[in-house]
Each structure stands twice: as C-alpha cells, then as structure tokens.
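**Q** Here's the letter readout for the chains.
2 protein chains.
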Amino acid sequence: MQIGQLSKKTGLSRDTIRFYEKKGLIPTALKQNEFNSYKNYSHETLEKLLIIKKMKGFGFTLNEISDFLGLMEFNTASCENVSQKMLEKVRLIDKKMKELNEMKSLIIGSLDSCAPEESKSTSCPLVSVNF
Amino acid sequence: MQIGQLSKKTGLSRDTIRFYEKKGLIPTALKQNEFNSYKNYSHETLEKLLIIKKMKGFGFTLNEISDFLGLMEFNTASCENVSQKMLEKVRLIDKKMKELNEMKSLIIGSLDSCAPEESKSTSCPLVSVNF
DNA sequence: CTTGACCGTTGACTATACTCCACGGTCTAT
DNA sequence: ATAGACCGTGGAGTATAGTCAACGGTCAAG
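Protein chains in written order, with numbering that gives the first Met the number 0: chain A, 0 to 130; chain B, 0 to 130.
Calculated directly from the structure, the hints in this document are not laboratory data. Warning: the hint list may mix true and false statements.
Identical copies look the same in the list; a pair holds intra-copy or inter-copy alike.
The list that follows gives simulated cross-link-like pairs (lysine to any residue, SDA-like), each with its CA atoms no further than 20 Å apart [as the list claims (entries may be wrong)]:
1) Lys-7 <-> Pro-26
2) Lys-103 <-> Ile-92
3) Lys-38 <-> Ser-6
4) Lys-55 <-> Lys-103
5) Lys-88 <-> Glu-98
Sequences are here, hints too, so could you generate the full structure?
**A** And the structure:
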C-alpha cells in the first residue's frame, strides 16, 4: 500500500512514517512500479507501525522500541525476552521517580529557610547568597 | 572580575557563563578598559551564578530559574513569592511522577498477556498485532 | 621577542521526535 | 487540458543545555 493509506491505517503522519523509515525502524519500501517512484509498503510494515504506536503509548523511546523490533527480526521475541525488556523499562521509570522524589525532598527541605507568613521582604534567603 | 575568575569561583565553565549571558540569565558585562575588550563581571553577577547553580541543583530548568532571577530584579523575591514558585515546581514533579506511575502500570498490566515461563516461542503477544 | 595562557565572538554540534517547506514529479476526476 | 491531491527527497527548524572549534586579539613572564 502507499504511504497515504499507511498513514490512515496507523494514525501516523506521512512525515512520521518517513522519519521512522529513515531511522531504520521500518524497512525501506520498494518502488511500486516503473511509471513512478511511489513506494509500496507491506502489511508487515503496517504491523510494525502499530507495534511502535503501542510501545510509544507505554512510554518507550524510539531507541528502546528499536530493540523490540530487533527481537522480532531475529525471531527472539519470546515472552521471556519481551517481559525482560518491559521490566527493564519499569526499572528505569522507578529510577526516574526516585530522582524526582529526591528533587522534591530537596525543594521542600529548602523551604525550611523560608518564612512565607512574614510581611513581604524582598530578600528571601533562598535566592540570596550565604557567605 | 574577568570570566576566568568567575569560572573559578562558581565552578561553571567559561562557555557556560557566556551561554547564560547570551540567554539573559546574567547581565552582559561591560568592557574592562580601553586597551582590550575583556569584560568585567560584577560581584552581583557572581551571586546570581551561585543562585543559578543552587536552583539547578533543585532540578529547576534555566527558564524556571530565569523567573526567580526576575523576582529578584523587581524586588519581589519575598518568601511568599519564592515558596510559591518552589511549590509550583513540586506540583510539576508530582505530575511527572503520576505520569511515570501510569506508564509503569500500563507496562506491568500489559505483562498479563505474557507467559515468560512457557518455553521459548518467537511471538510474544505484546509484540504482535491483534486484529 | 617569544610563548603560553587568557579573552571575545560566531557558528556548528550533540540527542530526541517530529514538523514543515521547497521543489519537482504523478495521478485522477472534471 | 487542468486542478487538486498525492508522492519522494533533502534540508531546515523546534527546545534544552551546554560544548567545542576556529579565528583573531591581548597579557605577562622569561
């Protein structure tokens, strides 16, 4: 099928599909016929794009999704391998949440040197330098 | 003082300081004298850079830090205003953590359709398309 | 005078995930 | 024949937060 149909079936723009093609996430399609240079995308490419959308919905980056597609390509997309990558992402998310929590704690802890109820002064200790 | 000294006192590279100057986080310094075009940074600029470092340590972006510096510039850096912006960042962090939690839940929920213990198949339902 | 370090400026580059534009070609309905 | 939509390609742009290189000038110690 042509890129316009692919776009309709996947909900991705033509430019996005071309971008993914360029990035190697989907195979470069072959020319449709000798009269023009239109590409003919396969049903397998359609399936890959739907998987890409699904994984993006889970929060995976395109590089991470590329790893999944690599598993499929080498016939190693077993539930064991796939779940392992999923759990790896969960660990990354956990790590990010921990970092955010630490940030939050630092900010809330820093508010100890604040006195919001006092009348307005123009020099909160948080934005002044203590020597 | 010259940019080299500023760099030493703040721990920021010369390029970083010039980058902040260009972004308007610190004022453009005046020429030191008529014999060269070296800049002369003020002690106030040193203080601003230390505050920038402090806020970056809390996880604020340069745009958010610019807001703090704006408060100082307009003499409105009261504890009320500053703590308000700090708490605003805490809310952003909370929102991000919620999004990450949802991502995590989606991923873990999706593992329901996985059967990692089964013998290796090459087609985990998570990376195949259900029509 | 020479050398090494300093200074200033401008532009390019890094990664991410697209989006848009310009240009030229093709297709199809009217 | 024409117009509007489609197609392909290459390049530029978006924001973030710097980092690096190239080029030319200045400073100070030896």
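**Q** Taking the hints in turn, state whether each one holds.
**A** Quick rundown of the hints versus the structure:
Taking the shortest alpha-carbon separations for Lys-7 and Pro-26, only the intra-copy value of 19 Å comes in at or below 20 Å, while the best inter-copy value is 51 Å. In the homo-oligomer, the alpha carbons of Lys-103 and Ile-92 lie at most 20 Å apart both inside one protomer (16 Å) and across protomers (7 Å), since each shortest distance falls under that limit. In the homo-oligomer, the alpha carbons of Lys-38 and Ser-6 lie at most 20 Å apart inside one protomer (13 Å), although the nearest pairing across protomers, at 55 Å, exceeds that limit. Taking identical chains as interchangeable, the C-alpha atoms of Lys-55 and Lys-103 lie at most 20 Å apart only when they sit on different chains, with a minimum of 13 Å there against 27 Å within one chain.
With identical chains, the CA atoms of Lys-88 and Glu-98 are at most 20 Å apart both within one copy (15 Å) and between copies (14 Å).
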